[in-house]
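Each chain is listed here by its residues.
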Amino acid sequence: MNNIAAIFKKEFRSYFNSPIAYIFITFFLALSSWLFLQGFFLSRQADMRGFFSVMPWMYLFFVPAVTMKLWAEERKLGTVEILMTLPIKDFEVVLGKFLASFALLGVTILLSFSLPIAVASLGDPDGGPIVGGYIGLLLMGAAYLSIGLFASTLTENQIIGFIVGIGLCFVLLIIGQEFVLFRIPSPWLASFFRYLGLGTHFSSILRGVIDSRDLIYYFSLIGFFLYLSTLRVQMQKVG
Amino acid sequence: MIEVKNLTKRYGPTVAVDNVSFNAKAGEVLGFLGPNGAGKTTTMRVLTCYLSADEGNATVDGYDVFDQSVEVRKRIGYLPESAPLYLDMGVIDYLKFIAQVRDIPKSQRQQRTKEVIDICGLESVIQKDVGELSKGFRQRLGLAQSLIHNPPILIMDEPTSGLDPNQIIEIRNLIKEIGKEKMIIFSTHILPEVSATCSRILIINNGKIVANGSPESLAERAKGGEVVDITIRGPAEKIESKLQGLNFVNEFDCVNTVDGLLSYRIASEKGTNAAEELFQLVVQNGWSLTELRQESVSLEDVFRELTGESVNKEVAA
Chain L
1 MNNIAAIFKK EFRSYFNSPI AYIFITFFLA LSSWLFLQGF FLSRQADMRG FFSVMPWMYL
61 FFVPAVTMKL WAEERKLGTV EILMTLPIKD FEVVLGKFLA SFALLGVTIL LSFSLPIAVA
121 SLGDPDGGPI VGGYIGLLLM GAAYLSIGLF ASTLTENQII GFIVGIGLCF VLLIIGQEFV
181 LFRIPSPWLA SFFRYLGLGT HFSSILRGVI DSRDLIYYFS LIGFFLYLST LRVQMQKVG
Chain V
1 MIEVKNLTKR YGPTVAVDNV SFNAKAGEVL GFLGPNGAGK TTTMRVLTCY LSADEGNATV
61 DGYDVFDQSV EVRKRIGYLP ESAPLYLDMG VIDYLKFIAQ VRDIPKSQRQ QRTKEVIDIC
121 GLESVIQKDV GELSKGFRQR LGLAQSLIHN PPILIMDEPT SGLDPNQIIE IRNLIKEIGK
181 EKMIIFSTHI LPEVSATCSR ILIINNGKIV ANGSPESLAE RAKGGEVVDI TIRGPAEKIE
241 SKLQGLNFVN EFDCVNTVDG LLSYRIASEK GTNAAEELFQ LVVQNGWSLT ELRQESVSLE
301 DVFRELTGES VNKEVAA
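Taken in sequence, the protein lines are chains L and V.
Just so you know, the first sequence maps onto residues 1 to 239 in our numbering.
Just so you know, the second sequence maps onto residues 1 to 317 in our numbering.
Treat the hints as calculated values from the structure; they're not laboratory data.
Where hints are given, some of them may not hold.
[What the hints assert, rightly or not] No farther apart than 16 Å at their CA atoms in a straight line, the calculated lysine to aspartate or glutamate pairs in the EDC-like style are these:
1) L:K9 <-> V:D93
2) L:K237 <-> V:E55
3) V:K270 <-> V:E251
4) V:K114 <-> V:D93
5) V:K74 <-> V:D64
6) V:K74 <-> L:E156
7) V:K208 <-> V:E55
8) V:K5 <-> V:E81
9) L:K76 <-> V:D18
10) V:K242 <-> V:E277
11) L:K237 <-> V:D54
12) L:K76 <-> V:D88
13) L:K89 <-> V:D103
14) L:K237 <-> L:D124
15) L:K76 <-> L:E156
16) V:K270 <-> V:E295
17) V:K25 <-> V:E3
18) V:K5 <-> V:D18
19) V:K5 <-> V:D64
20) V:K96 <-> V:E71
21) V:K135 <-> V:E170
22) V:K74 <-> V:D103
23) L:K9 <-> L:D126
24) L:K237 <-> V:D67
25) L:K89 <-> V:E71
26) L:K89 <-> V:E295
27) V:K5 <-> V:D61
28) V:K25 <-> V:D61
29) V:K208 <-> V:D67
30) V:K25 <-> V:E181
31) V:K176 <-> V:D61
32) L:K9 <-> V:D88
Produce the entire structure from the sequences given, and follow the hints as far as they go.
Dropping the structure here:
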């Protein structure tokens, strides 16, 4: 616990010691607010659907940018050699780094609360979908982060980590979309793909009902990619 | 304290460490010496649990580096080559981070941090970020990091590479000072460094240990005999025929003749007091002696002899 906390603190502070956190938060909020407000005044409806529906695509480009440095930079600088010879278990490092990136995303999402407040002052939105939407944002965000973190363990080049992260998230996102499912002949396979899709469970949470299936999906996906990251880190010992 | 048995590590088809075995006891300062790419770093990385080995085993303080790696890591302070540090962290923040992961109780962290800052001479930079530090200070911070938990074993990979001569001497003195209480293993390819600081030397070449002993004993085994440089004023023919007649002289070479001064390099049998005998010879014959010097066989000779083959290959390539 102590070790995870130490890694968490180091990584979280490192986001704010460099411009990364500020640039990330500013552009994430600016872009998502812009995309939302653009449609909001046209639709003349006091809800947040527009905001949530762009999120799977916003995450696609923003989240891997948060995780790309987590391992790639350690390897590039060589600091991984000190880190991995400290008396600390591999999964503790992975978890600490993951939680730090999650905290940065959490701060960002918290700061976007100005939007629902603005919406509530303009009309009378239904609270359920908004609360559900925010919980969904955190869950889906954590899933993207775990994938991005894994991509970062694959390389010592941050750009490669970033693009591979986008690629992995992209594949997992589109396999759940109607556009792809429509072309799959086997209905069994189609429903399996729909289940695997990163956005599928988010849209079901958006309806305001949090189903245990959706929770299980996100938690197992996160667990799976954190496990893969740990394996990958252990593999590097083989040289 | 450290026992390494038949350690082998391969990177694909290359054998980086080839069946290496050695022991090290508490209180020893052990120098790994060898040309670049000899396997020094790989051996250290296995000992510090950063890499796993393909064959063989290694224990530190009785703990296996593969199965009980966390216990091993607790007992080792490690400074990797060129001191890789987080550039965006403050010096103090960095030491605090290491102290926390090193499980130093909260009440002692402040004091331990202050101690290593003193030992490593970091007072003047504690307000700075690591990225602003010069190479020498980064090396010291790396050393501070490896000492903060007061480990019984300190492993350093090329601690003096890239430093200026003054910094090199400072780091060497630090190593000597720390070596009084701790076991130290460090690698270098600078020869005077090991003779200046080590109690024992392992010469590694092509992944194998080719020599293991104290600096003195290694120098001694370098050559079977002694070398004497002598400069005499006298008749060349007579001198040479007399030298030929001495039974302890293995061979001699006229290296220089200037204004009737004859300089010879004489290789003699070991333990014959060649210098003294030569002095007597000069006196008996009424020549005059301007220089007489017994060459001490240096570590450099041992090093070249043991690793020369690979150096030549490198040059040829």
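We went through each hint and held it up to the structure:
For the hint linking K9 (chain L) to D93 (chain V), the alpha-carbon distance of about 10 Å falls within 16 Å, and the restraint holds. At most 16 Å may separate the alpha-carbon atoms for a hinted pair to count; K237 (chain L) and E55 (chain V) meet this at roughly 14 Å. At most 16 Å may separate the alpha-carbon atoms for a hinted pair to count; K270 (chain V) and E251 (chain V) meet this at roughly 13 Å. This hinted pair checks out: K114 (chain V) and D93 (chain V) have alpha carbons roughly 12 Å apart, not beyond 16 Å.
For the given pair, K74 (chain V) sits about 13 Å from D64 (chain V) by alpha-carbon distance, which is consistent with the 16 Å threshold. Between K74 (chain V) and E156 (chain L) the alpha-carbon distance is near 27 Å, which puts this suggested pair outside the 16 Å criterion. In summary, the hint linking K208 (chain V) to E55 (chain V) is supported, as the alpha carbons are separated by about 14 Å, within the 16 Å threshold. As the CA atoms of K5 (chain V) and E81 (chain V) are separated by approximately 24 Å, the hinted pair breaks the 16 Å bound.
The suggested pairing of K76 (chain L) with D18 (chain V) is violated, with an alpha-carbon distance near 28 Å, which exceeds 16 Å. Between the alpha carbons of K242 (chain V) and E277 (chain V) the distance comes to roughly 12 Å, so the proposed pair stays at or under 16 Å and holds. A threshold of 16 Å between alpha carbons decides the hint, and for K237 (chain L) with D54 (chain V) the separation of about 11 Å falls inside it, so the pair holds. A C-alpha spacing of about 14 Å is found between K76 (chain L) and D88 (chain V), which places the hinted pair at or below 16 Å, so the restraint holds.
Proximity of K89 (chain L) to D103 (chain V) is assessed by CA-CA distance (about 13 Å); at most 16 Å being required, the pair is judged to hold. With a CA separation close to 57 Å, the supplied pair K237 (chain L) and D124 (chain L) exceeds the 16 Å bound. Taking the CA atoms of K76 (chain L) and E156 (chain L), the gap is about 5 Å. The hint holds against a cut of 16 Å. Distance check on the hinted pair: K270 (chain V) and E295 (chain V) sit about 12 Å apart at the alpha-carbon level, within 16 Å; holds.
For the proposed pair K25 (chain V) and E3 (chain V), the alpha carbon gap of about 9 Å is at most 16 Å, so the pair holds. With a CA separation close to 11 Å, the supplied pair K5 (chain V) and D18 (chain V) stays within the 16 Å bound. Only pairs whose Cα atoms come within 16 Å are accepted, and K5 (chain V) paired with D64 (chain V) is accepted, the gap being roughly 11 Å. A C-alpha spacing of about 21 Å is found between K96 (chain V) and E71 (chain V), which places the hinted pair above 16 Å, so the restraint is violated.
As the CA atoms of K135 (chain V) and E170 (chain V) are separated by approximately 13 Å, the hinted pair is consistent with the 16 Å bound. Note on K74 (chain V) and D103 (chain V): the hinted pairing holds, with a Cα-Cα distance of about 9 Å set against a maximum of 16 Å. Pair hint K9 (chain L) plus D126 (chain L) does not hold up; C-alpha atoms about 37 Å apart against a cutoff of 16 Å. With a C-alpha separation of about 13 Å, the suggested pairing of K237 (chain L) with D67 (chain V) holds against the 16 Å cut-off.
Our distance criterion of 16 Å between C-alpha atoms is met by K89 (chain L) and E71 (chain V), whose separation comes to about 11 Å. Straight-line distance between C-alpha atoms of K89 (chain L) and E295 (chain V) comes to about 54 Å, which puts the hinted pair past the 16 Å bound. In summary, the hint linking K5 (chain V) to D61 (chain V) is supported, as the alpha carbons are separated by about 14 Å, within the 16 Å threshold. Pair hint K25 (chain V) plus D61 (chain V) holds up; C-alpha atoms about 10 Å apart against a cutoff of 16 Å.
A distance of roughly 25 Å separates the Cα atoms of K208 (chain V) and D67 (chain V); the hinted pair therefore is violated under the 16 Å criterion. A hinted pair counts as satisfied when its Cα atoms are at most 16 Å apart, and K25 (chain V) with E181 (chain V) qualifies at roughly 12 Å. Simply put, K176 (chain V) and D61 (chain V) have alpha-carbon atoms about 22 Å apart, too far for the 16 Å limit, and the pair is violated. With a C-alpha separation of about 14 Å, the suggested pairing of K9 (chain L) with D88 (chain V) holds against the 16 Å cut-off.
Hints 6, 8, 9, 14, 20, 23, 26, 29, 31 from the list above are not met by this structure, while the remaining hints are.
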